[in-house]
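Numbering-wise, the sequence shown is residues 1 to 85 according to our numbering.
What the hints contain is simulated information worked out from the structure, not anything from laboratory work.
Mixed in with the good hints, there may be bad ones.
Label pairs and their in silico Cβ distance ranges [stated by the list, open to error]:
id, residue 1, residue 2, range
1, 76, 16, 29 to 39 Å
2, 74, 13, 26 to 36 Å
3, 43, 66, 17 to 27 Å
4, 45, 80, 11 to 21 Å
5, 52, 80, 16 to 26 Å
Each residue gets a CB set at the ideal place from its N, CA and C atoms; glycine is no exception.
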Amino acid sequence: MKSVAQIGIEPTDECEYGVLDSNWTVWVTGGDLLSDLDVIDYTSSTIDFMTSSGAYYQLGHTMAGGVSLDYGTERGEWTETIYAN
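Throw the hints in and build the complete structure from the sequences for me.
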């Protein structure tokens, strides 16, 4: 499933939804809050997260210069992709 939403990536101390004790927060309209505390892996083009509820996310960039955020209940098994331009 693909959807479009607002995705924010902000320093936690400047973020209205900032995650306590983190350096930066990723927020998605209608979704979870992610932070550097949730990072489980990264490459030069993606960052993988696992939340305390067991959800997995992968943040990446699109060829059009936007951001994509994949979601799944198992690592590497994405059931939804959220795009922001």
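Per the hint of 16 to 26 Å, is the separation of the Cβ atoms of residue 52 and residue 80 within bounds?
-> 19 Å, holds
Would you say the C-beta atoms of residue 43 and residue 66 sit inside 17 to 27 Å of each other?
-> Given a distance of about 18 Å, which is inside 17 to 27 Å, the answer is holds.
With respect to the beta-carbon atoms only, verify the hint that residue 76 and residue 16 lie 29 to 39 Å apart.
-> 31 Å, holds
Can you let me know if the beta-carbon spacing of residue 45 and residue 80 is within 11 to 21 Å?
-> 19 Å, holds
Verdict for residue 74, residue 13 (Cβ pair) under range 26 to 36 Å | 33 Å, holds
Violation of the numbered hints given earlier is absent; every hint is satisfied by the structure.
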